[in-house]
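Start from chain A and add chain B according to the hints.
2 protein chains.
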Amino acid sequence: MGLVVQKYGGSSVADAEGIKRVAKRIVDAKKNGHQVVVVVSAMGDTTDELIDLAGQVSPIPAGREFDMLLTAGERISMALLAMAIKNLGHEAQSFTGSQAGVITDSVHNKARIIDVTPGRIRTALDEGNIAIVAGFQGVSQDKKDITTLGRGGSDTTAVALAAALDAEVCEIYTDVDGVFTADPRVVPKARKIDRISFEDMLELASSGSKVLLHRCVEYARRYNIPIHVRSSFSGLQGTWVSNEQGDRKVEQAIISGVAHDTSEAKITVVGVPDKPGEAATIFRAIANNEINIDMVVQNVSAASTGLTDISFTLPKAEGRKAIDALEKTKSTIGFESLRYDDQIAKISLVGAGMKTNPGVTAGFFEALSDAGVNIELISTSEIRISVVTRADEVKEAVRAVHSAFGLDSDSDEAVVYGGTGR
Amino acid sequence: MGLVVQKYGGSSVADAEGIKRVAKRIVDAKKNGHQVVVVVSAMGDTTDELIDLAGQVSPIPAGREFDMLLTAGERISMALLAMAIKNLGHEAQSFTGSQAGVITDSVHNKARIIDVTPGRIRTALDEGNIAIVAGFQGVSQDKKDITTLGRGGSDTTAVALAAALDAEVCEIYTDVDGVFTADPRVVPKARKIDRISFEDMLELASSGSKVLLHRCVEYARRYNIPIHVRSSFSGLQGTWVSNEQGDRKVEQAIISGVAHDTSEAKITVVGVPDKPGEAATIFRAIANNEINIDMVVQNVSAASTGLTDISFTLPKAEGRKAIDALEKTKSTIGFESLRYDDQIAKISLVGAGMKTNPGVTAGFFEALSDAGVNIELISTSEIRISVVTRADEVKEAVRAVHSAFGLDSDSDEAVVYGGTGR
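Top line first, the protein sequences correspond to chains A and B. To convert, note that position 276 of the first sequence is 296 in the numbering used here; the numbers rise steadily by one, no gaps. To convert, note that position 309 of the second sequence is 329 in the numbering used here; the numbers rise steadily by one, no gaps.
Bound conformation, chain A alone (with noise of 0.2 Å):
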């Protein structure tokens, strides 16, 4: 039985009968024969709390000071939980990111992780303790300053720490039952897929699935280390996220599932001359800005006119900046005008093999034509195609497509599409 890094969420530990639990169930791998390492986030609603209070002393907390505060709340689950295991009758010590050796750049409230040196956690585990790592948090190379990861923080910590200590796998705790066809909450017959590919869940993740989040996913893919999203509340198996391909046939389409995303909005710049450069000067002042942008998609040019529109679509959050910084460029770029959209919604259908089999496009457009959804945007990559349409349509459209894709608990089986060409 080799080493596992399990990895619990702030909803499996927020309350004392969440850490109790848990704990039990890390006493149980320990008992199975596993090293164990978990890594956990802050209870509940803590962190949303300290943010709170941050904002009733400062408008703009300072990002030092910030994650200082921030790193406040895995200190408190982290030594809780090792308080319950030890009142489990095993041995448990707890660490900060900085103990556990969790190496960061400096840029405060989302700090890339640099290296892993995990010599405490590793004489820790050879002592028999059950480690307790807190997510979401590290020190920075240069400074010695406390850093945070930013969002899904701690799925990063688990996933870094399981490749620097060589685990046989990284659990990733959660209040669901794995990685679903499709949200569960809009689609009721959505599946919990059992095995996925890194570069499906990659897609997935990208395409508005909240479960794992991209930046986690990447750093597994990166050093394989198996991922197994599985319910901090049940025994059962949850989703494997691996670089196996499952039992699909090769030459086969897979459909992996059906992802949305109703927090973008779209931004379309209407007029531009359709000469080499213009493309460039648009997304040099977003980039410019620090805005990430998502889909972004031009047309043929009118002939008549010489002018094409470009549209792409970007976080809610970041419009109104992405709209002052294309304001300022109007007179350089010689545009017509913005128009700016935020009651859009994309669903992304993502699967393997989905390039090099017929049919999956077309039945996709179909499945949304039959649902009466307009598209507005259509974009493709390898395994995922993308399309922007109504926020009201979107949950009649991801019902839509899963169900033509044969996702549905109901049907007997995936469609699975045969051949070449698409």
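No lab work stands behind these hints: they were computed from the structure. Keep in mind that this is a model prediction, so the values were computed, not measured. We treat Cβ as the ideally placed atom computed from N, Cα and C, and that holds for glycine. Be a bit skeptical, because a hint or two may be false.
What the hints assert, rightly or not - Just so you have them, the derived chain A footprint on chain B, three or more residues with Cβ under 8 Å: (1) 70-83; (2) 92-98; (3) 330-341.
Okay, now just chain B, sitting in the frame of chain A:
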């Protein structure tokens, strides 16, 4: 203008408003040209809430993890305070006990400071920052584990940092105006003391005064760091504790104040054979159980029986343990019985020059007698007389003594005893 260390307790930073008020006061000190180091406790009831959480997951919280848990409290308050200061336009950085170089032994929950190496604090100050340091915590020298200093630990942190940084003064901010001649809740006419020596303050602290703890005053005396105890709610001068004797005339007794303590119980070992080694056996049994005792009184034995009684006081919380320990030695020692009494109070009169001045002891006993208060035990030191009385007589007794020694705020001046002898 030199370096000032300011310490703010939990009641001063109980909420966002308190933190902002404290931030303003800190910035004022900085504007006055001082280098400022601030030691801060956890907000309001945070520590109690964390202790309560620990109790919910484990009946006997482990030392190491308990310290990890509790230190989250200062992490929150110090980060918020730094943010609030930055919001006022001044630079501030917060530091954990470990980052501030507070090196301790490995006794979790009540570690002792071994060394202070404030290199990062010095650098932060030199760069123009206000340095905010977490009180109550350090890092163990051997294992590099987080430790806490126990009760009153933040005051000790402040004095230790003041000593290591060679500060002009260590300001202890609290919710009262300073040290009083008696507890103002018991004696409404109690007066604020302007200046008091380290020695008198030590005696007051060990006699029940709660404003400063013995340990912190002892540290300040050893390194000769003046302490200024003052209110965080007003700009008034508080009480200066230093090695100066104030305006006391040599060879005259100045009464500093009357302290009382109702946290102790009394144990009497009845009928102890009056021969060498009996007392040693009794107190070795107590010491082996790590019980701290306070007053010890043995009277001459009755000639007829050759038996004597030995009484001592100790914290009520240790009473059960002490009785158990003594019962086990009953056959060895051969005493008759044990009496346990937790309805006692200790009243102490503290003042320099007492021993060499007549009438102080007599005046003390007369005041108690006039108030109808019976004395059960008496114990004296160089600068203190303590008596044990019934608990329900304590308020009356304190007021009577306070008044008899001219300490009441409507008295013209404190009574001064001249001459020699007592």
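Hints and how they fare:
1. 70-83: holds (count 10)
2. 92-98: Coverage by chain A holds here, the residue count being 5 at a Cβ distance below 8 Å.
3. 330-341: Violated - the segment 330-341 of chain B has 0 residues with a Cβ nearer than 8 Å to chain A, which falls short of three.
This entry does not satisfy hint 3, going by the numbered hints stated previously; all others are met.
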